[in-house]
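Engineer: Chains as they are written, first to last, in this note's numbering: chain A, 1 to 566; chain B, 1 to 119.
It is worth saying that the hints were derived from the structure and are not from the lab.
Just so you know, not all the hints are guaranteed correct.
[Unchecked claim] Stretch-level coverage of chain A by chain B, calculated; a stretch enters the list once three of its residues show a Cβ under 8 Å from a Cβ in chain B:
no., segment
1, 134-148
2, 372-382
3, 443-453
[Claimed, not checked] Simulated pairs of lysine to aspartate or glutamate, DMTMM-like, Cα-Cα distance not exceeding 25 Å:
no., chain 1, residue 1, chain 2, residue 2
4, A, 67, A, 139
5, B, 86, A, 488
6, B, 80, A, 488
7, A, 67, A, 442
8, B, 79, A, 486
9, B, 50, A, 446
10, A, 67, A, 3
11, A, 408, B, 13
12, A, 408, B, 100
13, A, 67, A, 446
14, B, 50, A, 3
15, B, 79, B, 90
16, B, 80, A, 486
17, B, 28, B, 49
18, B, 50, A, 49
19, A, 67, A, 49
20, B, 86, A, 49
21, B, 86, A, 442
22, B, 79, B, 89
23, B, 79, A, 488
Where a beta carbon is used, it is the ideal one built from N, C-alpha and C, also for glycine.
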Amino acid sequence: MLETIPPIFWYIIGAVITLIIPNGRFRATAMLLIPLAGIWQLLNIPHGDHIQIDFLDYTLTLFRVDKLSFVFGLIFNIAAFLSLLYAWHVRDPIQQVMTVLYAGAAIGAVFAGDLISLFIFWEATALTSVFLIWARGTEGAYHTGMRYLIIQVGSGVLLLAGTLLLVTQTGSIAFIDRGLVDLATLLIFIAFGIKCAFPLLHNWLQDAYPASTATGTVVLSAFTTKLAIYALARAYPGTEILVYIGCVMMIFPVFFAAIENNLRKVLAYSLNNQLGFMVVGIGIGTPLALNGTAAHAFAHILYKALLFMSMGAVLHRTGTTKASELGGLYRTMPLTMIFCVVGAASISAFPLFSGFISKSLIQSAAANEGYMVVWVIMLIASVGVLEHSGIKIPFFTFFGHDSGKRPKEAPWNMLLAMFLTSSLCIGLGIYPAPLYAILPFEVEYDPYTTTHVVTQFQVLLFALLAFCVLYRSGVYPVEIRAVNIDFDWIYRRGLRRIISSLSRGIDTAYSQVTAGLNGIVGSIIASSRRHFGPIGLFGSTTRVGSAVAWISALLLIALVTSYSGS
Amino acid sequence: MTHNHPSTEQDGDTTFTRLLSWCVVNSKTVVIALAAVSGALLLGDFLYEKHGHFAFEEWFGFYPVFGFVVYVTVVMLAKKLRGLIKRPEDYYGDTSVDAEDGLPATDDGKQNHDGGGHA
Numbered sequence: 001m002l003e004t005i006p007p008i009f010w011y012i013i014g015a016v017i018t019l020i021i022p023n024g025r026f027r028a029t030a031m032l033l034i035p036l037a038g039i040w041q042l043l044n045i046p047h048g049d050h051i052q053i054d055f056l057d058y059t060l061t062l063f064r065v066d067k068l069s070f071v072f073g074l075i076f077n078i079a080a081f082l083s084l085l086y087a088w089h090v091r092d093p094i095q096q097v098m099t100v101l102y103a104g105a106a107i108g109a110v111f112a113g114d115l116i117s118l119f120i121f122w123e124a125t126a127l128t129s130v131f132l133i134w135a136r137g138t139e140g141a142y143h144t145g146m147r148y149l150i151i152q153v154g155s156g157v158l159l160l161a162g163t164l165l166l167v168t169q170t171g172s173i174a175f176i177d178r179g180l181v182d183l184a185t186l187l188i189f190i191a192f193g194i195k196c197a198f199p200l201l202h203n204w205l206q207d208a209y210p211a212s213t214a215t216g217t218v219v220l221s222a223f224t225t226k227l228a229i230y231a232l233a234r235a236y237p238g239t240e241i242l243v244y245i246g247c248v249m250m251i252f253p254v255f256f257a258a259i260e261n262n263l264r265k266v267l268a269y270s271l272n273n274q275l276g277f278m279v280v281g282i283g284i285g286t287p288l289a290l291n292g293t294a295a296h297a298f299a300h301i302l303y304k305a306l307l308f309m310s311m312g313a314v315l316h317r318t319g320t321t322k323a324s325e326l327g328g329l330y331r332t333m334p335l336t337m338i339f340c341v342v343g344a345a346s347i348s349a350f351p352l353f354s355g356f357i358s359k360s361l362i363q364s365a366a367a368n369e370g371y372m373v374v375w376v377i378m379l380i381a382s383v384g385v386l387e388h389s390g391i392k393i394p395f396f397t398f399f400g401h402d403s404g405k406r407p408k409e410a411p412w413n414m415l416l417a418m419f420l421t422s423s424l425c426i427g428l429g430i431y432p433a434p435l436y437a438i439l440p441f442e443v444e445y446d447p448y449t450t451t452h453v454v455t456q457f458q459v460l461l462f463a464l465l466a467f468c469v470l471y472r473s474g475v476y477p478v479e480i481r482a483v484n485i486d487f488d489w490i491y492r493r494g495l496r497r498i499i500s501s502l503s504r505g506i507d508t509a510y511s512q513v514t515a516g517l518n519g520i521v522g523s524i525i526a527s528s529r530r531h532f533g534p535i536g537l538f539g540s541t542t543r544v545g546s547a548v549a550w551i552s553a554l555l556l557i558a559l560v561t562s563y564s565g566s
Numbered sequence: 001m002t003h004n005h006p007s008t009e010q011d012g013d014t015t016f017t018r019l020l021s022w023c024v025v026n027s028k029t030v031v032i033a034l035a036a037v038s039g040a041l042l043l044g045d046f047l048y049e050k051h052g053h054f055a056f057e058e059w060f061g062f063y064p065v066f067g068f069v070v071y072v073t074v075v076m077l078a079k080k081l082r083g084l085i086k087r088p089e090d091y092y093g094d095t096s097v098d099a100e101d102g103l104p105a106t107d108d109g110k111q112n113h114d115g116g117g118h119a
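Next comes chain B alone, as it looks inside the complex (with noise of 0.2 Å):
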């Protein structure tokens, strides 16, 4: 992931800021990270005694292998279906707010974009 430093001028960047830049900068170590405490958390099922509601709720690994599939299953039907709805912005033309370039900014006055960028 790129990351061009960022120059905030008006009140410089704070201790949170910059942990915030860090973990940007090195994502790849907190997805370990995550993946870790995922892991240690798959191996917590042998720790306690499970009270689930139905039985498959009991198999090891039920809610992290659920979770993970079902996620990933979500996003892949998602684009599928990106496929056949997506339309230009302007579609509905001026009836509806969709292509709007939006509201005007707010700054209260004091302009501090340091601009540009658009995707």
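Chain A on its own, in the form it takes in the complex (with noise of 0.2 Å):
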């Protein structure tokens, strides 16, 4: 009975409850048994539809089970609790409760059966993980926060838009394959677009992610753009434009990745790159193609994390993570070196580490459907992966240029929930089997043959190889103290420069306008003035005296005329 509870309740009362228990470290302690309880539910619940409620006209499924939604559901449980033993040591209870009801709302989405609970738990998703980015607490945090909620609930409205246009034409509210046919699932896809930040849409991500605190990030790195990964591979498989698409993703972050200051904005770069695999991967939409995109997510959220919580600690210890001040760290910070170069090595796909044996399984599915153009793209973009995740992070933070900063190691929380996260990353690359076992398809794949594992090696060792050539040679970009404009400059600048220049210009116009209406009338009133003002010959006034005079003067012509007429 109690594992059919849909698992959005679980934290919904886990959140109240742990409010109920005095903040300090039993709380912190009491809400790692909530994301627990999460993940022994799904071992225990059998696939199904197990909560339906009637809601109007319609049957909500609240908790449907299926291979899909166990392997995201999974992963979500377990990032919520490696992230709450990360953020073990956070008392401010607005994190506290938002991560929670974050994560569960993330949750509950994966597991909503129909379009309408799906559209409840996207909203929810953006209510809850702004009050992360404000956590922060800054001027600068506010506004970035406000940008992510605007563009989060504009995802949602989309969503709930392209719902309603659904039910009309088709009565049905399931939340399944419905391939991009019409308006109503165009209006679906753009909505799960925003979330998966697809390019020109993706601006949100790199702007929020980076201004959330250091363990903010850690959690919103796991849940959203994941759950637009899951949300795409269930209603857009196979969906050829997603190929295309994803491409585009795995390309271009890897450039503004690469001159990026700040490592968490690289890492948030990095994380829009990574999305472009998954999106491939349910563009190709084969078997083998989505148990990729499904093994890549799951692999991709730990080690993502991973990289965010070795980040995050170097800024919970140093108020910093621009590649510009950082340095040297390894003396001090000897433990998460080695957590982030785990992390590092996992999405930078080396064997035995976790991405070798995840993505490997979407790049043999586009070489299967003779994508080549594709394939090739993604080993460009692994290449650049390597660049920025596997070398600059690890490199510029723990090595490099000695910046002089000797931080304390990290908390033992943080060091525990890495070196679990560096465990997970490792065990999966070493043994993959279980990953596999429970992927959406029945599917055989060795990741570990001879040319896979010597090419990669080949690969990445060359490139590492440039690395230290450009370094040493000088010729690699220096870390300065920048930031460098993207697509949101439209919204952020440009609109705002029209729309500054249009009213200007509208302001001139009217001012133009009027000075030429007021010349006219000014004009008419002078020539009125002149004619029949003071001065003028209608209108000028003269002494009595005078008046009188001319008066009798022309009484006296009168009298002559008239006297002589008769």
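Dock chain one against chain two, each of which comes alone in its own frame, and use the hints as you go.
Structural biologist: This is the structure in structure tokens:
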């Protein structure tokens, strides 16, 4: 009975109960039980639609467990546990509660079997997660949070619009494979695309994630975008345009990440690039490709969280994640450095690390379907990943130019969370069978072939060598304090400029028109004044005496003429 | 690469950090070692039968050359891109966190920075 309660209730009830516990280590520890309960539940519940409630004319399915939702539900619970452990020392009740509710909303969305429940949880992830950005507590974080909220809620509005249209057309609210066929499915597609950080819809990610707290970014990195991946895999598998969208996503963030100074922003670009791989997998849509997307999402959540954790620890201890201000931290934060390198090796897909056993499924699927160009782009993107996440993140933080900073090693709970996450990254890399067993489709795949291992080492080590050559020769771009503008310039600056120049134009035109009209009216007034004014011919007044003389003269003339005429 | 010997007062250098310090000081040796391993991997192409999806994968040295060339190209293109899009850190003013100095560093009450050294 207990196991059929939708997981969102575990999280809501858990949030309420933990608030009753006095704020301190007991509450922080009790919160860890919530995702553990979620994991226990998932491992014990049979697949199927569990909780259905009637709402108006529709049946809402709150707890649909199948192979796809199981994988994402499981990793979301694991991520929630690791994030809460990492944030164990945080005593800010807002962050505590919102972390739990945000994770719960994302898990609720994964298990939603219909679009209306999906919409509710979709918006709930936005409304809860924004508090993790505001938690930074600065003016900049407030504005960043507002931008984030507008975009996230906008995504929900599109989802709702698409759902309503779909209901009027088909009468069905089921959250199933829809395909991109009409306006309704297009609206839903764009809603998913915003949360998935599609190209040109992506800037909220690089804007908001680096603005959160040291612990908040770890939480944020796990859920929203992977929920979008899940939603796309559910509703649009095999939609070919996703292959090309994914290709753009894999490539362009690589260049931005390479020159970005804020290392948590580098990781946000890197996240964007990793989503590209998953989106390509969904676009290809074969069982192998979809397995690859699910496996890559699973592995990615762990190593991306690990990388954000290591940067969070650095932020926690030094107050910054700007590469220009960091360097040489290996001396006093060696454990954090090791965990960071594990995350870096995992995302770069070194053999024996998790990225190797997940990304290769998608690459093989692309090759099997004859997507040669896509396959090459994936290989280029993989070198790019090594560049920004594999080398730049650990090198410029822990080695590189010595910043002189000698911070203390991270707190024990951060270290423990990073240790567990690292263990999972390495464990999956060495022994991927348990992950492969829970993927949506039955597919035989062995990543550890001689060719695959050797070629992967070749491409990675030679790229590493290229870095050494560029760095030692001084060609590698130096880390400098600067921001790089991206597409969000359009709405943060460009539109504002257009609007202000438009308003300036309107202002000028208005004043010129009024000045012209004023001129006309003025000249009319002036000419009236000339003719009818005090000095004008018709308007001038004269003194009474001379007026009398004039009148007398006129009368005299009248008298003379009337006499002479008679 | 310069290396100013740090004073790690609180717990002293462990064997591990001493080893890393050695690598930092002798980074040239490390790079040469990396080059040697990479060269051996390149020659590894002769030792087994490659099974690629595409014909070009089976060319000798395809992957090593690809890795090296793409890496250099990515970095050089990114440098060009920086010229176009670089702005001062306070470009977006107080509507973004870019120019904020960062969050206060936390050492659990025990200060042990030995300070200074900003780039």
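Engineer: All hints are to be evaluated individually against the structure, with a verdict given for each.
Structural biologist: Outcome of the hint check:
Coverage of the segment 134-148 of chain A by chain B holds [criterion: at least 3 residues with CB-CB distance below 8 Å; count 7]. By the rule of at least three residues with a Cβ nearer than 8 Å to a Cβ of chain B, the coverage given for the segment 372-382 of chain A holds, with 4 such residues. Counting residues of the segment 443-453 of chain A whose C-beta lies closer than 8 Å to any C-beta of chain B gives 3; at least three are required, and the coverage claim holds. Distance check on the hinted pair: residue 67/A and residue 139/A sit about 44 Å apart at the alpha-carbon level, beyond 25 Å; violated.
Only pairs whose Cα atoms come within 25 Å are accepted, and residue 86/B paired with residue 488/A is accepted, the gap being roughly 14 Å. For a cut-off of 25 Å, the pair hint linking residue 80/B to residue 488/A stands: about 20 Å separates their Cα positions. Distance check on the hinted pair: residue 67/A and residue 442/A sit about 11 Å apart at the alpha-carbon level, within 25 Å; holds. The hinted pair formed by residue 79/B and residue 486/A meets the criterion: a straight-line CA distance of about 15 Å does not exceed 25 Å.
Only pairs whose Cα atoms come within 25 Å are accepted, and residue 50/B paired with residue 446/A is accepted, the gap being roughly 15 Å. Of the supplied pair hints, the one linking residue 67/A and residue 3/A holds, its CA atoms being roughly 17 Å apart against a limit of 25 Å. For the hint pairing residue 408/A with residue 13/B, the CA-to-CA distance comes to about 13 Å; that is within 25 Å, so the pair holds. A C-alpha spacing of about 23 Å is found between residue 408/A and residue 100/B, which places the hinted pair at or below 25 Å, so the restraint holds.
Only pairs whose Cα atoms come within 25 Å are accepted, and residue 67/A paired with residue 446/A is accepted, the gap being roughly 21 Å. With a C-alpha separation of about 50 Å, the suggested pair residue 50/B and residue 3/A falls outside the 25 Å cut-off, and the hint is violated. Of the pairs offered as hints, the one joining residue 79/B and residue 90/B holds, with about 21 Å between alpha carbons and a cut-off of 25 Å not exceeded. Straight-line distance between C-alpha atoms of residue 80/B and residue 486/A comes to about 15 Å, which keeps the hinted pair within the 25 Å bound.
Between residue 28/B and residue 49/B the CA atoms are separated by roughly 34 Å; this puts the pair beyond 25 Å, and the hint is violated. At most 25 Å may separate the alpha-carbon atoms for a hinted pair to count; residue 50/B and residue 49/A exceed this at roughly 47 Å. This hinted pair checks out: residue 67/A and residue 49/A have alpha carbons roughly 12 Å apart, not beyond 25 Å. Distance check on the hinted pair: residue 86/B and residue 49/A sit about 52 Å apart at the alpha-carbon level, beyond 25 Å; violated.
As the CA atoms of residue 86/B and residue 442/A are separated by approximately 48 Å, the hinted pair breaks the 25 Å bound. Restraint check for residue 79/B and residue 89/B: satisfied, since their Cα atoms lie roughly 18 Å apart, inside the 25 Å limit. With a C-alpha separation of about 20 Å, the suggested pair residue 79/B and residue 488/A falls inside the 25 Å cut-off, and the hint holds.
The structure shown violates the earlier hints numbered 4, 14, 17, 18, 20 and 21.
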